[in-house]
Amino acid sequence: MNWLCRILFFCLVVLLSASRVSAHAFLEHSDPSVGSKVHSAPAAVRIWLTEAIEPRFSSIQVFDATGKQVDKKDTHSDPSNRSLLQVSLPRLGPGSYKVVWRVVSVDTHRTNGDFTFQIAQ
Amino acid sequence: MRVHGSQLSLSQPRGIVTPWSGRFPITNGGIFIKRLSLLLSLVCAVCELGVTSHAFGHGFAGARFFPATLSTDDPFVSDELSLPTISTIRTPDDGGTRETDISVDIAKRITPQFAIEIGETLSVLNPHEGQTTNGFGNLELGGKYQLLKNGPHEAIVSVGLDVEIGGTGSSSIGADSFSTWSPAILFGKGFGDLPEALRSLKPIALTGVAAIAIPTSASTRSITVNDQTREREIEIERHPDVLEWGFALEYSVIYLQSQVQDMHLPAPVDRLIPLVEFAMETPLNRGPGGPTTGTVNPGVIWAGKYFQVGMEAVIPINEHTGNNVGVISQLHFFLDDLFPHTIGRPLFGGNK
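Line by line, the protein sequences are chains R and C. Its first residue numbered 2, the first sequence is counted upward by one per residue in this note's numbering. Its first residue numbered 54, the second sequence is counted upward by one per residue in this note's numbering.
Keep in mind that a hint or two might mislead.
Restricting the straight-line Cα-Cα distance to at most 20 Å, the calculated cross-link-like pairs of lysine to aspartate or glutamate (EDC-like) are [stated by the list, open to error]:
1. R:LYS38 - C:GLU249
2. R:LYS69 - R:GLU55
3. R:LYS99 - C:GLU249
4. R:LYS99 - R:GLU29
5. R:LYS73 - R:ASP115
6. R:LYS38 - R:GLU55
7. R:LYS38 - R:ASP65
8. R:LYS99 - R:ASP75
9. R:LYS99 - C:GLU173
10. C:LYS202 - R:ASP115
11. R:LYS99 - R:ASP32
12. C:LYS202 - C:ASP246
13. C:LYS161 - C:ASP146
14. R:LYS69 - C:GLU173
15. R:LYS73 - R:GLU29
Simulated DEER-style distance windows between Cβ atoms [stated by the list, open to error]:
16. C:GLY343 - R:SER37: 52 to 62 Å
17. R:VAL101 - C:MET364: 30 to 40 Å
18. R:ARG57 - C:ASN371: 54 to 64 Å
19. R:LYS38 - C:ASP246: 16 to 26 Å
20. C:ILE218 - R:SER37: 48 to 58 Å
21. R:VAL107 - C:GLY148: 26 to 36 Å
22. R:VAL107 - C:ALA320: 51 to 61 Å
23. C:TYR198 - R:PRO91: 22 to 32 Å
24. R:GLY96 - C:ASN371: 46 to 56 Å
25. C:PRO319 - R:ARG57: 48 to 58 Å
26. R:PRO95 - C:PRO319: 24 to 34 Å
These aren't lab readings, by the way, just hints derived from the structure by calculation. Predicted model, so just to flag it, every value in this text is computed and none were measured. Idealized CB from N, CA, C, for every residue including glycine.
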């Protein structure tokens, strides 16, 4: 059975030699948080991803209940934190809003997602 | 089609768990398993070093991450390595035989939509009475082509073709002397497109496979000598075409957290995907036929950044399948995340 242990050891070495780069970037958390109800209109939607991303190829869009895009279309990242992406919002009224995000991680993996949040009366 | 599948039965066509065939014997199996477990623990621990606490692997349709399932094949074309898949169950034949399989499977994308697969299994058969035997099963090769992927509806459909190459395994553990071809259709569907009124069901996803295993030999003849009469007897074993079908129903806590409702769950719960797999086989022709056999496998998968680990119970659906509960576990590596610029990308056609 030693042969299998050798194979596993070989794989261990190979895996350890793997480049420690980014993988698929997914949502770690957000502000407003996923599915939350907030009592004051947020000035921006911020999402923290699991990996550093390429802001040029990444975006956040916010839509109201009628499907109209309501964000300021100024998606940008934080220079000090490349896994943070945000978009500014105008003064929003009460209602339900949908956040749609698409990102490309620094190793070119593309991912996307969406979630909703509510602004209470 | 079983990059992620177990190898509970070497005598059965591949694709789905079929835990009823074990036959013969082993030695020092316990010590080996202990050493293997220690080594795997080391692999796990070391690989997770330097890994963030929140991460993902692969198998995507839109916003949906599908894990690699253990007992049934999934529809995703990807670069991945299952090393190892370990399963053990006591099969009903000959008074009960403990069959333990240790398999390795690797898949490599040739293009973003097409991948080839190769797999091999070491089987250890420990009968109720008699000597333990071990040996390799037949070499398994396969190809899978992704026909359709719909991101908004988290849907995917693929077709595949596998072949178990007869005569490449050890006859002592019952490896077939003939080859078996298995064309298959595979699908995956996430329920993230359900209406908001059903938002708590959005983390549910379903993957499935249907394949027909076609042996290249309709029957096998063997000559034995009757101990009492000393006469030669010819035994004919018929090999039917077999419909292999199965599906996996899963509830993704990952999806719940990132798409539906952030529950602020702590690690490692936030990375869990509870699931139940159904792996069935139905003989279609030749011989006396027989009822559908298979297993129901409830379990859980934890998906990390570069790999996932999973474990399931293997519960026979009827006495023809078995009378004892087995276990299957798997360590599965995402090669496209481990090596995104080398072996983890398609040979042609760029990255997906």
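So, going through the hints one by one against the coordinates:
Taken as a hint, the LYS38 (chain R) and GLU249 (chain C) pair is honoured in the structure, with Cα atoms around 15 Å apart against an allowance of 20 Å. At roughly 26 Å between alpha-carbon atoms, LYS69 (chain R) and GLU55 (chain R) are farther apart than 20 Å, so this suggested pair is violated. Distance restraint check for LYS99 (chain R) and GLU249 (chain C): the Cα-Cα separation of roughly 12 Å lies within the 20 Å cut-off, and the hinted pair is therefore satisfied. Distance restraint check for LYS99 (chain R) and GLU29 (chain R): the Cα-Cα separation of roughly 17 Å lies within the 20 Å cut-off, and the hinted pair is therefore satisfied.
For the suggested pair LYS73 (chain R) and ASP115 (chain R), the alpha carbons sit about 18 Å apart, so the restraint of at most 20 Å is met. A C-alpha spacing of about 30 Å is found between LYS38 (chain R) and GLU55 (chain R), which places the hinted pair above 20 Å, so the restraint is violated. Between LYS38 (chain R) and ASP65 (chain R) the CA atoms are separated by roughly 14 Å; this keeps the pair inside 20 Å, and the hint holds. Restraint check for LYS99 (chain R) and ASP75 (chain R): the C-alpha separation of about 17 Å stays at or below 20 Å, so the hint holds.
Taken as a hint, the LYS99 (chain R) and GLU173 (chain C) pair is broken in the structure, with Cα atoms around 47 Å apart against an allowance of 20 Å. Note on LYS202 (chain C) and ASP115 (chain R): the hinted pairing holds, with a Cα-Cα distance of about 18 Å set against a maximum of 20 Å. Restraint check: the Cα-Cα separation between LYS99 (chain R) and ASP32 (chain R) comes to about 13 Å, which is no more than 20 Å; the hinted pair holds. A hinted pair counts as satisfied when its Cα atoms are at most 20 Å apart, and LYS202 (chain C) with ASP246 (chain C) qualifies at roughly 15 Å.
The suggested pairing of LYS161 (chain C) with ASP146 (chain C) is violated, with an alpha-carbon distance near 37 Å, which exceeds 20 Å. Restraint check: the Cα-Cα separation between LYS69 (chain R) and GLU173 (chain C) comes to about 54 Å, which exceeds 20 Å; the hinted pair is violated. Under the criterion of a C-alpha separation no larger than 20 Å, the hint pairing LYS73 (chain R) with GLU29 (chain R) is inconsistent with the structure, at around 23 Å. The hint said 52 to 62 Å for the Cβ distance between GLY343 (chain C) and SER37 (chain R), and at roughly 54 Å that hint holds.
Distance hint check: the CB atoms of VAL101 (chain R) and MET364 (chain C) are about 35 Å apart, consistent with the given range 30 to 40 Å. Checked against the hint of 54 to 64 Å, the pair ARG57 (chain R) and ASN371 (chain C) passes, with Cβ atoms roughly 58 Å apart. Checking the proposed 16 to 26 Å range against LYS38 (chain R) and ASP246 (chain C) shows it holds: the Cβ atoms sit about 23 Å from each other. Checked against the given bound of 48 to 58 Å, the beta carbons of ILE218 (chain C) and SER37 (chain R), roughly 55 Å apart, stay inside it.
In this structure the hint that VAL107 (chain R) and GLY148 (chain C) lie 26 to 36 Å apart at CB is violated, the actual value being about 59 Å. Checked against the hint of 51 to 61 Å, the C-beta distance between VAL107 (chain R) and ALA320 (chain C) comes to roughly 23 Å, which is inconsistent with it. The hint said 22 to 32 Å for the Cβ distance between TYR198 (chain C) and PRO91 (chain R), and at roughly 47 Å that hint is violated. Taken as a hint, the range 46 to 56 Å holds for the pair GLY96 (chain R) and ASN371 (chain C), whose Cβ atoms sit roughly 54 Å apart.
A hinted range of 48 to 58 Å is violated for the C-beta pair PRO319 (chain C) and ARG57 (chain R), which are about 34 Å apart. Between PRO95 (chain R) and PRO319 (chain C) the beta carbons are some 32 Å apart, a value that agrees with the proposed interval 24 to 34 Å.
Violated hints for the displayed structure, listed by number in ascending order: 2, 6, 9, 13, 14, 15, 21, 22, 23, 25.
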